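Participant: Chains as they are written, first to last, in my numbering: chain D, 1 to 569; chain E, 1 to 240.
Just so you know, the hints here were simulated from the structure itself, not pulled from any lab data.
Where hints are given, some of them may not hold.
[To be verified] As a list, the in silico BS3-like pairs of lysine-lysine whose alpha-carbon atoms are at most 27 Å apart:
id : chain 1 : residue 1 : chain 2 : residue 2
1  : D       : K36       : E       : K15
2  : E       : K140      : D       : K415
3  : E       : K76       : E       : K140
4  : D       : K323      : E       : K114
5  : E       : K54       : D       : K558
6  : D       : K502      : D       : K23
7  : E       : K182      : E       : K209
8  : D       : K36       : E       : K54
[Stated by the list, open to error] If you only want the chain E side, here are some residues facing chain D, beta carbon under 8 Å, derived:
id : residue
9  : I52
10 : I72
11 : K76
12 : Y80
13 : L94
14 : A101
15 : K114
16 : R168
What you are looking at is a predicted structure, and each value in this text was computed from that prediction instead of being measured.
In this text, a Cβ means the ideal position worked out from N, Cα and C, and glycines have one as well.
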Amino acid sequence: MGVIRKNIPGADGKMKKFISLLKTQINSYYGISAIKYKYFVEKKQRWELDLAIFGIVVGVAVFLFIYVMQLEGLFAASIALNQPQLMLAIVLFLGQIVTLIFGFFWVISVFYFSDDVKILLPLPLQPYEILLSKYTVILVNEYAVLALLLLPAIGIYGIGTGAGILYYLIALVVFLFSPVIPLSIDSIIALWLMRFTNLRKKKDFFTVLISILALMFFFVFQYFVNRNPQYTDKDAVVDFLIKNADLAKMATKSFPPSLWGAYAMSDYHSLYGFFNLLLFIAVSLIFTGFLALSAQKVYFKALMAGQEIGAKKKTVALERSMKASGALKALILREWKLFIRVPVYAMNVLPVAIIVPFIFFISFVGNPQMGLEKAVQYTSSPTNWFWVSIVGLLVSLFLAGSTSLSSTAFSREGKMFYISKILPISPSLQLRAKLILGSLVSIFVILPSYIIGWYIFKIPLVTVAITVFLSLPGVLLINILGLLIDSARPFFDWDNPQKAMKGNVNVLFTLVLTLLSLLIILTIIFLLKTFNVSEILIAILIEILIILADLKLYSLTKDFATKLYFEKE
Amino acid sequence: MIELKNVSKSYNNGKIKAVDGLNLVVNPGEIFGFLGPNGAGKTTTIKMIVGILKPDEGEILVDGIDIQKNPIEAKKKIGYVPDEPYIYDKLTGLEYLNFIADVYGISEKERREKLEYFLEIFELKNAIGDLIQSYSHGMKQKLLITAALLHSPSVWILDEPMTGLDPRSSFLLKELMANHTKAGFTVFFSTHILEVAERLCDRIAIINKGKIVACGTMEEIKKQHEWESLEKIFLELTEK
Chain D
1 MGVIRKNIPG
11 ADGKMKKFIS
21 LLKTQINSYY
31 GISAIKYKYF
41 VEKKQRWELD
51 LAIFGIVVGV
61 AVFLFIYVMQ
71 LEGLFAASIA
81 LNQPQLMLAI
91 VLFLGQIVTL
101 IFGFFWVISV
111 FYFSDDVKIL
121 LPLPLQPYEI
131 LLSKYTVILV
141 NEYAVLALLL
151 LPAIGIYGIG
161 TGAGILYYLI
171 ALVVFLFSPV
181 IPLSIDSIIA
191 LWLMRFTNLR
201 KKKDFFTVLI
211 SILALMFFFV
221 FQYFVNRNPQ
231 YTDKDAVVDF
241 LIKNADLAKM
251 ATKSFPPSLW
261 GAYAMSDYHS
271 LYGFFNLLLF
281 IAVSLIFTGF
291 LALSAQKVYF
301 KALMAGQEIG
311 AKKKTVALER
321 SMKASGALKA
331 LILREWKLFI
341 RVPVYAMNVL
351 PVAIIVPFIF
361 FISFVGNPQM
371 GLEKAVQYTS
381 SPTNWFWVSI
391 VGLLVSLFLA
401 GSTSLSSTAF
411 SREGKMFYIS
421 KILPISPSLQ
431 LRAKLILGSL
441 VSIFVILPSY
451 IIGWYIFKIP
461 LVTVAITVFL
471 SLPGVLLINI
481 LGLLIDSARP
491 FFDWDNPQKA
501 MKGNVNVLFT
511 LVLTLLSLLI
521 ILTIIFLLKT
531 FNVSEILIAI
541 LIEILIILAD
551 LKLYSLTKDF
561 ATKLYFEKE
Chain E
1 MIELKNVSKS
11 YNNGKIKAVD
21 GLNLVVNPGE
31 IFGFLGPNGA
41 GKTTTIKMIV
51 GILKPDEGEI
61 LVDGIDIQKN
71 PIEAKKKIGY
81 VPDEPYIYDK
91 LTGLEYLNFI
101 ADVYGISEKE
111 RREKLEYFLE
121 IFELKNAIGD
131 LIQSYSHGMK
141 QKLLITAALL
151 HSPSVWILDE
161 PMTGLDPRSS
171 FLLKELMANH
181 TKAGFTVFFS
191 THILEVAERL
201 CDRIAIINKG
211 KIVACGTMEE
221 IKKQHEWESL
231 EKIFLELTEK
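Just need the whole structure built from these sequences, with the hints factored in.
Facilitator: Set out below in structure tokens:
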């Protein structure tokens with residue numbers, strides 16, 4: 001084989017070049033070398049890696065448990081309808097539609113916004129080589145997502161119908177080709193879109209647009225989930241699907257490749273199935289070919305146009321723009337500007353302010369079964385102040401925990417952290433600036449929920465006041481926890497702000513600690529309740545406890561921060 | 001004035017010794033050049049002086065103040081220009097300079113005078129209202145130089161400052177360095193451009209594998225090496 005290849009000039013080299021490019025892309029995308037170096041050469045904090053793996057395993061297990069239950073319902077319904085392939089078609093359709101919708105943004109960000117294009121552009125590589133290597137990286141990623149969605153369905157169908165080995169082989173082929181068509185469509189659209197609109201220059205605008213679309217998707221999804229009764233058991237799913245069988249069939253028909261794939265699997269022993277498989281593969285390859293052609297034609301043009309960054313070059317009147325302020329204010333303003341001007345950060349934090357009240361609103365107002373009237377009857381009564389304000393406290397803590405501002409406060413400085421290190425400013429003042437901004441943003445995020453509580457749930461103002469009284473030190477606590485974690489193990493080595501916030505495990509750790517705090521508070525309350533301690537006294541005790549925790553943890557965080565500013569590299 | 005006493009720093013749990021028992025005194029009114037091949041320990045030394053890295057051993061004094069025992073006071077004396085111009089992309093040049101002026105407590109009057117001067121000579125006036133992300137490498141470098149000099153530091157430390165500057169700007173920078181020492185301040189910079197060191201520095205040190213292999217005025221060093229060119233001396237000393 002090797003000898004034959006060597007005899008074809010260029011063929012071996014080209015393939016080698018592409019494989020080397022692909023290997024480098026995958027390596028840098030996942031930071032494989034960086035992980036190896038950190039954990040196996042420097043031998044730093046191996047437990048982090050173990051914990052991350054453990055977290056992923058647990059998360060996947062929980063997801064699979066719930067998902068498999070739903071799938072079994074779906075399969076039972078398909079059998080009841082005498083169309084066993086319906087489950088496969090629906091799942092394939094869902095997988096491909098998810099790839100189609102989310103793949104689009106992913107494709108644009110990997111093709112156009114990743115930092116390595118500056119390095120790749122001058123290399124002697126064909127446009128289609130670079131693009132296909134990037135495309136493959138996304139494909140690999142999609143396989144991870146689709147494995148979770150498709151493999152359980154393939155298994156359930158196979159076991160349920162007692163299918164033979166050929167079924168599993170064909171299913172594997174269908175699985176491997178399943179993201180190709182939607183991702184190619186995304187890529188082709190992206191290529192031509194970027195050719196004619198210079199979105200690269202409006203990268204920030206684009207990030208905001210993605211976030212808004214994701215939010216809309218979320219709201220619509222929530223709306224539908226709440227509009228229909230909850231499907232917690234299998235029978236209900238069966239029932240629902242049978243009632244909506246036509247809808248399901250119509251949906252899968254709207255994207256024929258899903259049907260081809262499904263028939264390829266379900267009719268694996270017949271010529272009809274084989275024909276569908278061929279169709280599925282052939283169309284996938286045609287799309288990939290067209291993608292390569294489009295890439296060759298337009299990829300570099302848009303890429304090069306994107307490297308130009310415009311500047312206004314306007315003279316600024318120095319006298320007017322030079323206002324002196326104190327160091328603390330200057331630090332807070334710096335934090336704020338660097339947060340709000342990076343859309344990935346802002347759009348990751350601020351929408352929480354709308355999402356949570358929206359869920360409250362929809363689940364009560366949109367759904368008469370939830371009994372808004374009953375709830376209001378309870379919440380509006382001043383005598384129920386205790387539990388209402390405790391729930392308010394827990395909601396506030398949870399919201400504060402999900403604003404990942406403090407838990408990424410140090411990490412977000414990234415390579416620029418040296419600036420903070422050389423400033424003649426004490427670590428405690430820098431820490432205070434971060435805590436103040438984090439807490440203010442938390443409060444901003446919590447505020448709409450309070451308004452909903454007051455306006456819709458008619459919570460009396462006195463109860464609201466008690467909730468605020470309890471929540472303020474609580475919000476501080478959660479922000480301190482975030483800062484504590486981020487100062488103990490900051491993540492500076494990122495090349496893309498996305499990684500500083502979304503790819504930062506400190507956010508997850510803080511959320512876990514937040515939930516732990518909620519649990520501790522609840523346990524204490526229940527314990528005190530069993531000893532018949534009065535509600536007023538419990539509230540006061542909780543307040544004191546949180547303040548004490550604030551003080552203790554803040555001083556611990558200060559130690560970590562001092563170490564970070566003065567010692568760590 | 002900068003004093004390094006027996007300063008050592010290693011990486012990877014002591015496996016790689018980046019700086020090894022360094023002793024050095026840089027006097028007020030002196031331009032001091034810190035020379036060495038790539039990976040010799042120049043940047044590590046500089047990062048320890050400005051307080052970004054903590055030495056494993058030894059003492060560093062800036063104007064007599066120990067950077068480890070009294071970091072805030074020591075940092076007030078220092079102006080630092082790093083080798084790579086990492087600055088906040090999402091701030092405008094002016095916002096960055098105002099931020100620096102605020103944390104160093106520089107009065108409005110003083111910052112206005114300073115900025116008028118530096119923005120004028122560096123031709124940054126038209127760009128100062130733009131986000132730093134639109135700046136070229138050289139513009140970022142000039143912004144960092146301006147930021148480092150806003151508080152008139154008695155010790156000005158620059159890591160490979162000529163990289164990325166156009167001839168005009170590097171000429172200006174050399175002028176600024178000379179002027180800085182005239183006021184009795186200290187300038188300490190690393191470089192591997194030997195001509196710059198030869199022409200500009202009152203004294204130089206050559207560092208190789210974490211150790212100083214030569215230190216003194218140009219004349220002293222050449223005398224020790226039979227009046228060879230600096231290039232030859234450098235190659236000889238760093239070859240081993």
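Participant: Mind checking the alpha carbons of D/K502 and D/K23 for me, to see if they're no more than 27 Å apart?
Facilitator: 24 Å, holds
Participant: Taking the closest Cβ pair, is E/Y80 under 8 Å from chain D?
Facilitator: 5 Å, holds
Participant: Please work out if E/K182 and E/K209 have their alpha carbons no farther apart than 27 Å.
Facilitator: 33 Å, violated
Participant: Given E/L94 as an interface hint, is its Cβ closer than 8 Å to any Cβ of chain D?
Facilitator: 6 Å, holds
Participant: Holds or violated: E/K114 as interface residue toward chain D, Cβ cutoff 8 Å?
Facilitator: 10 Å, violated
Participant: Would the hint linking E/K140 and D/K415 be met if the CA-CA limit is 27 Å?
Facilitator: Measuring from Cα to Cα gives roughly 15 Å; hence the hint holds.
Participant: With chain D as the partner, please determine if E/I52 meets the hint condition of a C-beta pair closer than 8 Å.
Facilitator: 5 Å, holds
Participant: Given the hint that E/K54 pairs with D/K558, test it: the Cα-Cα distance must not exceed 27 Å.
Facilitator: At roughly 18 Å apart (the allowed maximum being 27 Å), D/K558 and E/K54 satisfy the hint.
Participant: E/I72 was flagged as interface toward chain D. Is the shortest Cβ-Cβ separation under 8 Å?
Facilitator: 5 Å, holds
Participant: Hey, E/K76 versus E/K140, does the alpha-carbon distance stay inside 27 Å?
Facilitator: The hint holds at about 22 Å.
Participant: Holds or violated: is there a CB of chain D closer than 8 Å to the CB of E/A101?
Facilitator: It holds, given that the least Cβ distance between E/A101 and chain D is near 7 Å, below 8 Å.
Participant: Taking only the CA atoms, is the gap from D/K323 to E/K114 under or equal to 27 Å?
Facilitator: 14 Å, holds
Violation of the numbered hints given earlier is confined to hints 7, 15, 16; the remaining hints are satisfied by the structure.
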